[in-house]
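2 protein chains.
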Amino acid sequence: MNDPLRVAVLGSTGSIGRQALDVIARSGGRFEAVALAGGENASLLAEQVAAFRPRYVSSVVQTEGLSEAVEAAGAEVVEPEAIAIAPDIDVVLVSTAGAAGLHPTLAALRAGKPVAIANKEVLVMAGHLVRQAMSEGGGELRPVDSEHSAIWQCLWGESHARIRRIILTASGGAFRDYSLEQLATVTPEQALDHPTWKMGRKITVDSATLMNKGMETIEAMWLFDVPMTAVDVVLHRESIVHSLVEFSDGSVKAQLGVPDMRLPIQLALSFPERAPEPPMPLLDLATVGALHFGKPDVERFPCLRIAMDAGRIGGTAPAVMAAADEVAVERFLRHELRFVDIPRVIESVLERHSPIANPTLEEVLGADAEARRLAAAIAPGVAA
Amino acid sequence: MNDPLRVAVLGSTGSIGRQALDVIARSGGRFEAVALAGGENASLLAEQVAAFRPRYVSSVVQTEGLSEAVEAAGAEVVEPEAIAIAPDIDVVLVSTAGAAGLHPTLAALRAGKPVAIANKEVLVMAGHLVRQAMSEGGGELRPVDSEHSAIWQCLWGESHARIRRIILTASGGAFRDYSLEQLATVTPEQALDHPTWKMGRKITVDSATLMNKGMETIEAMWLFDVPMTAVDVVLHRESIVHSLVEFSDGSVKAQLGVPDMRLPIQLALSFPERAPEPPMPLLDLATVGALHFGKPDVERFPCLRIAMDAGRIGGTAPAVMAAADEVAVERFLRHELRFVDIPRVIESVLERHSPIANPTLEEVLGADAEARRLAAAIAPGVAA
Numbered sequence: 033m034n035d036p037l038r039v040a041v042l043g044s045t046g047s048i049g050r051q052a053l054d055v056i057a058r059s060g061g062r063f064e065a066v067a068l069a070g071g072e073n074a075s076l077l078a079e080q081v082a083a084f085r086p087r088y089v090s091s092v093v094q095t096e097g098l099s100e101a102v103e104a105a106g107a108e109v110v111e112p113e114a115i116a117i118a119p120d121i122d123v124v125l126v127s128t129a130g131a132a133g134l135h136p137t138l139a140a141l142r143a144g145k146p147v148a149i150a151n152k153e154v155l156v157m158a159g160h161l162v163r164q165a166m167s168e169g170g171g172e173l174r175p176v177d178s179e180h181s182a183i184w185q186c187l188w189g190e191s192h193a194r195i196r197r198i199i200l201t202a203s204g205g206a207f208r209d210y211s212l213e214q215l216a217t218v219t220p221e222q223a224l225d226h227p228t229w230k231m232g233r234k235i236t237v238d239s240a241t242l243m244n245k246g247m248e249t250i251e252a253m254w255l256f257d258v259p260m261t262a263v264d265v266v267l268h269r270e271s272i273v274h275s276l277v278e279f280s281d282g283s284v285k286a287q288l289g290v291p292d293m294r295l296p297i298q299l300a301l302s303f304p305e306r307a308p309e310p311p312m313p314l315l316d317l318a319t320v321g322a323l324h325f326g327k328p329d330v331e332r333f334p335c336l337r338i339a340m341d342a343g344r345i346g347g348t349a350p351a352v353m354a355a356a357d358e359v360a361v362e363r364f365l366r367h368e369l370r371f372v373d374i375p376r377v378i379e380s381v382l383e384r385h386s387p388i389a390n391p392t393l394e395e396v397l398g399a400d401a402e403a404r405r406l407a408a409a410i411a412p413g414v415a416a
Numbered sequence: 033m034n035d036p037l038r039v040a041v042l043g044s045t046g047s048i049g050r051q052a053l054d055v056i057a058r059s060g061g062r063f064e065a066v067a068l069a070g071g072e073n074a075s076l077l078a079e080q081v082a083a084f085r086p087r088y089v090s091s092v093v094q095t096e097g098l099s100e101a102v103e104a105a106g107a108e109v110v111e112p113e114a115i116a117i118a119p120d121i122d123v124v125l126v127s128t129a130g131a132a133g134l135h136p137t138l139a140a141l142r143a144g145k146p147v148a149i150a151n152k153e154v155l156v157m158a159g160h161l162v163r164q165a166m167s168e169g170g171g172e173l174r175p176v177d178s179e180h181s182a183i184w185q186c187l188w189g190e191s192h193a194r195i196r197r198i199i200l201t202a203s204g205g206a207f208r209d210y211s212l213e214q215l216a217t218v219t220p221e222q223a224l225d226h227p228t229w230k231m232g233r234k235i236t237v238d239s240a241t242l243m244n245k246g247m248e249t250i251e252a253m254w255l256f257d258v259p260m261t262a263v264d265v266v267l268h269r270e271s272i273v274h275s276l277v278e279f280s281d282g283s284v285k286a287q288l289g290v291p292d293m294r295l296p297i298q299l300a301l302s303f304p305e306r307a308p309e310p311p312m313p314l315l316d317l318a319t320v321g322a323l324h325f326g327k328p329d330v331e332r333f334p335c336l337r338i339a340m341d342a343g344r345i346g347g348t349a350p351a352v353m354a355a356a357d358e359v360a361v362e363r364f365l366r367h368e369l370r371f372v373d374i375p376r377v378i379e380s381v382l383e384r385h386s387p388i389a390n391p392t393l394e395e396v397l398g399a400d401a402e403a404r405r406l407a408a409a410i411a412p413g414v415a416a
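Residue numbers (the numbering used here), protein chains in the order written: chain A, 33 to 416; chain B, 33 to 416.
It should be emphasised that the hints constitute simulated quantities derived from the structure, not laboratory data.
Remember, identical chains collapse to one label, so a pair may be satisfied in a single copy or spanning two.
Calculated pairs, SDA-like style, for lysine to any residue (alpha carbon to alpha carbon, straight line, at most 25 Å):
#	residue 1	residue 2
1	K234	A129
2	K327	R344
3	K327	P291
4	K234	Y210
5	K327	L314
6	K234	F207
7	K327	P313
8	K327	M312
From a predicted model like this one, the values you see are computed outputs, not experimental measurements.
Isolated chain A, as found in the complex:
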């Protein structure tokens, strides 16, 4: 038996982080959680520290319970950036949401480490800086999104020059069958009732607006080094086909499976090997019966078009879009905006922004902050 692979889980108390710890716990000693970085939920982090006894712990909040767990485990309290570059870490899972994932991701890649990336904003905000860090330090990105993991798998053994088109599948979100009139009156409670994937509140609303899919098109550009013209989206309500790649000769490859994030998480850790056992039930296509596909409707779901346009423009545009979206979604969840106001607020903010090409990290974060201020200030009536 090989030594266990030493994994750092940044964002261990979030949805992906918890599923990653489940994969690690069930790995039969193949993976070891050597570092945990948690969010606001200090009591869950304390439980995780007690269960996994990591060497390194990072937390945004300090509680007595957490301090006791850290001491009992003999762990060292450090910053996420220190975890990302620790020599006794083999792979860094970045599953912290938002801009918090940026610094550890860049640090790990510059240190030549593989980064299993479950954070959308890192690539959307600063994809060019991520690729720069990869080429400087020799680190590699392994996608954890089910869609990008599918594309990654379809590309194994293939030549990059022969990619014709990357086709992301989209479940269509909670409101895929709603008319524009119906969309005008949907509530946050309806939006949070996603049919297939169990996810956080922000990403569930982003799934319903198709902004999540739009951000995935930008991620795909950076992960697979293709222009936006080579990225496409197809609706697929069953979420069984996780994405597809069309090659130069017209051949299409797809990756399929029961929707379960533990597969892409496990694969991002075990790569270049596949694990010997599935972390989820096996797919039975005959029982599934039918898979449906359709064109996404950017009339009803303009966020997809907005994101793909921002990806084409590049520079600070995607960061501004993502920041405006985050604020708009928060305001929707607080009943301050209607569902259909979300794209309007984002477009208003983008119209007020002059994109900076090839921005530094400071410029990205500056644009992000400016976009948040603007998005918070726009009144729903003004946005249209």
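Assemble the complex: chain A is given as a structure, and chain B must be docked to it using the hints.
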């Protein structure tokens, strides 16, 4: 520009052979038809010789027109086995039907050449001898069937040890929705009306009985070096998903495309590169709309079970099955047998045969001849 790849097309006048010449003609000089071996249709072979001006020609019949074409092209008339080992041939496409493909395939593999194999019987009759020839001579097999090409593509960049299951898709043939009672009265004319693929008469009937799919399970065993327990069949009426592979971790990969044999033919020639352009229209999943899957019904289509059992038994059993099937299908096409008698005749012949393990080529051909005699002699009433 590289030198053109020098291709031998054995079976150039058949369905696959003609499509291969179409691929070669449209390749912009990437492929060159250096050798042609034709069947009974000497006038078509003469046309092909005039159009492609090969160095080598082989024909089972001689006509004045063909001789003139050969002379005009300055070609040499040789046996298929000589073509298979000629040093100025880079890849041998074996698209001759039946046992005629055996000797050239074995010869080419022993000579270390890549063989693009479109002949079912070679692997069904003598899969163990083919693998032996590969390991002796270093030749490689490249599948030309759409199903096996799909599996092959799904396995690129993957580890053989991580294959859990190979899943062949089956359109279900012309009678997939017929009851047992309806199957008892179907005519050869109905059987030959296949919904999706344009193929020869024998293979179209084999598609309708699912014997074709059964043979493909045996081919898959030999092509991908897996036991029959790792081979499965799923019904898929649209013939868009050409086959799938399930890996150890539960991940499933599939290859999709518009049904067109020119893709697998082109890929078997261009490997390890993909050609820069598609030989067929591109797939548009949103327009296709839905893909359906189901379990094959071995009550109504027992040939699938018979073939998978013969594959498990091995030795001469698959050769005997294939020979009995060929005779039974011929008798069905001559209205001597009912459609439902085809599996009965095959089972009767298999029951009368004592399989020889690890047979020599002579033993395989002997079993084949015996099976043909038996299958020709069984009266429809006796078969039940």
